[in-house]
Amino acid sequence: MKVSVDQTRCCGAGQCVLTVPEVFDQREEDGIVVLLDPEPAEEFHSTVREAAAVCPTSAITVHED
Amino acid sequence: MTTDEQVLNYPFPGETALEPPAEWERLREQCPVAHVRLPSGDQATLLTRYDDVKRVLADPRFTRQLTAPDAARLSAEGGGVFSGEMSQIIPDMGEGHLHWRRLVARWFTAKRMIALRPAMTEIADRLVDDMVAAGPPGDLRAALGFPLPVYVICDMLGVPAEDRDRFSHWSDALLNLTRYTKAETEASQVEFFQYMSEHVTAKRAEPGEDLLSELIAVGPPEDGGLSDLQIVVTGMGLLVAGHETTANMIGKMVAMLLGDRSRWERLLADPSLVRTTVEEALRLDANAGFGLPRYLHEEIEVSGTALPRGTTVICSMASANRDEGVFDAADEMDLGRSPNQHLAFGSGIHSCLGQALARTELQVVLEVLLRRLPTLELAVPQEELRRVEGLAVGGLSELPVRW
Ligand code: HEM
Ligand code: SF4
Numbered sequence: 000m001k002v003s004v005d006q007t008r009c010c011g012a013g014q015c016v017l018t019v020p021e022v023f024d025q026r027e028e029d030g031i032v033v034l035l036d037p038e039p040a041e042e043f044h045s046t047v048r049e050a051a052a053v054c055p056t057s058a059i060t061v062h063e064d
Numbered sequence: 000m001t002t003d004e005q006v007l008n009y010p011f012p013g014e015t016a017l018e019p020p021a022e023w024e025r026l027r028e029q030c031p032v033a034h035v036r037l038p039s040g041d042q043a044t045l046l047t048r049y050d051d052v053k054r055v056l057a058d059p060r061f062t063r064q065l066t067a068p069d070a071a072r073l074s075a076e077g078g079g080v081f082s083g084e085m086s087q088i089i090p091d092m093g094e095g096h097l098h099w100r101r102l103v104a105r106w107f108t109a110k111r112m113i114a115l116r117p118a119m120t121e122i123a124d125r126l127v128d129d130m131v132a133a134g135p136p137g138d139l140r141a142a143l144g145f146p147l148p149v150y151v152i153c154d155m156l157g158v159p160a161e162d163r164d165r166f167s168h169w170s171d172a173l174l175n176l177t178r179y180t181k182a183e184t185e186a187s188q189v190e191f192f193q194y195m196s197e198h199v200t201a202k203r204a205e206p207g208e209d210l211l212s213e214l215i216a217v218g219p220p221e222d223g224g225l226s227d228l229q230i231v232v233t234g235m236g237l238l239v240a241g242h243e244t245t246a247n248m249i250g251k252m253v254a255m256l257l258g259d260r261s262r263w264e265r266l267l268a269d270p271s272l273v274r275t276t277v278e279e280a281l282r283l284d285a286n287a288g289f290g291l292p293r294y295l296h297e298e299i300e301v302s303g304t305a306l307p308r309g310t311t312v313i314c315s316m317a318s319a320n321r322d323e324g325v326f327d328a329a330d331e332m333d334l335g336r337s338p339n340q341h342l343a344f345g346s347g348i349h350s351c352l353g354q355a356l357a358r359t360e361l362q363v364v365l366e367v368l369l370r371r372l373p374t375l376e377l378a379v380p381q382e383e384l385r386r387v388e389g390l391a392v393g394g395l396s397e398l399p400v401r402w
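Just so you know, the protein sequences line up as chains A and B, in that order. Quick note on numbering that gives the first Met the number 0: the first sequence kicks off at 0 and runs consecutively. Quick note on numbering that gives the first Met the number 0: the second sequence kicks off at 0 and runs consecutively.
The hints are simulated quantities; they were obtained by calculation from the structure and are not laboratory data. It should be emphasised that the depicted structure is a prediction, and the values quoted were computed from it without experimental measurement. Among the hints, a few may not be true.
[What the hints assert, rightly or not] Simulated pairs of lysine to aspartate or glutamate, DMTMM-like, Cα-Cα distance not exceeding 20 Å:
{"id": "1", "chain 1": "B", "residue 1": "LYS110", "chain 2": "A", "residue 2": "GLU27"}
{"id": "2", "chain 1": "B", "residue 1": "LYS110", "chain 2": "A", "residue 2": "GLU49"}
{"id": "3", "chain 1": "B", "residue 1": "LYS110", "chain 2": "A", "residue 2": "ASP29"}
Just need the whole structure built from these sequences, with the hints factored in.
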């Protein structure tokens, strides 16, 4: 699985970080998403998909292998 | 749309506290773009399908400001928080809004919420101590749901807790679309504004470790910060946006879980379901209030119907959240539902800034109640739970419980 984020769309709601803190973080200064791991381990795949589905601005894209 | 089409009165009368009005399902199926008459007598267009609601909410061109001369008024007495001068001090769209949002958002990151969690848990534990000392039975709304979010917001704003009763009154008066007269709403707004102005002045003189002090520290607008007036209005806006919404949601969530006690028992058996349970309660909230208004500056097409510019649209997120086309077994409460892409916090760039905070508060409340009061149950039959009347944000007037 490959993950990408679009920082220009992100509204900093932090839903992804609450869902998978191992994969997503937020910048201190404005809360915009930071991708910690573009190729997350298997164990995080389902929660990463969930984070992408619930992101309010569709800023997270998941490419399945 | 034909002229003899029936115009429904909105909000729909006779809704019970926890069950959705029958109109939603009918409208989703037969009339996704419906004509409604608002409490003011003005007409608007109601959207009830998930895709339509999400699209309009996420469209950055449209905002909730109903200040255009031909925009519908929500109630005859005044627009509550949705209109009026105060709502224009913070830019509500475009670059200006984004700038404001990013300045404030640094206080609402998920990481900061994780850091705030122990303090929130402590507050909730203390409130439960007081309720236990006084009861049973107790009113969970008055004992826990209402005070917790005020404590938390007052803390964030550096406002002393002894002022929290004044804060809850102001937030009530500013949000209530029918209970208060226009004069009462305005008087509260003036008082609240004065309080916050003095508070910001005091913070400027003596900064603390709070959101307002940090906004002041960024500097004036020339240096990328906010004006004093904008800081004052931001403080007021955060209370109004975050208090009543969260307080009511605490009550409704607990009522949904106790209304069918097998849900409570499932949570007791598996507390790891707390996170998804909070999302499911947000999704199924049948009493979410008015929905979000949007004024269309430009024509758009929704579910095959052209909506002309100048239309006031009401987006019913609560109906959208029960759309069978999006959620399997949409009317059922599934405590483990995942993913749960509900629209309770809106969608897109205007979606709730405080959602990480709200989620954390709701999770903390559940964790504390499960740990402290596993025998919790409703003290009245579920049908006797009453809704608060007249709020833009729906809730229960009381939540009698015993343990
Ligand atoms: C369960 C509790 C809550 C619910 C259901 C809720 C719901 C919403 C919704 C639906 C919106 C979108 C408005 C729109 O698109 O026009 C919104 C916006 C907002 N909410 Fe919340 N909210 C909650 C709690 C909070 C809290 C705790 C805070 C902060 C203390 C907060 C602060 C805000 C702010 C500042 C906005 C405006 C964002 C913007 O315009 O960019 N909310 N909320
Ligand atoms: S959920 Fe989406 S909008 Fe929110 S912080 Fe993550 S990427 Fe940004």
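Do the hints match the structure? See the list:
Of the supplied pair hints, the one linking LYS110 (chain B) and GLU27 (chain A) holds, its CA atoms being roughly 9 Å apart against a limit of 20 Å. Between the alpha carbons of LYS110 (chain B) and GLU49 (chain A) the distance comes to roughly 19 Å, so the proposed pair stays at or under 20 Å and holds. With a C-alpha separation of about 12 Å, the suggested pairing of LYS110 (chain B) with ASP29 (chain A) holds against the 20 Å cut-off.
In summary, the structure agrees with every hint in the numbered list given earlier.
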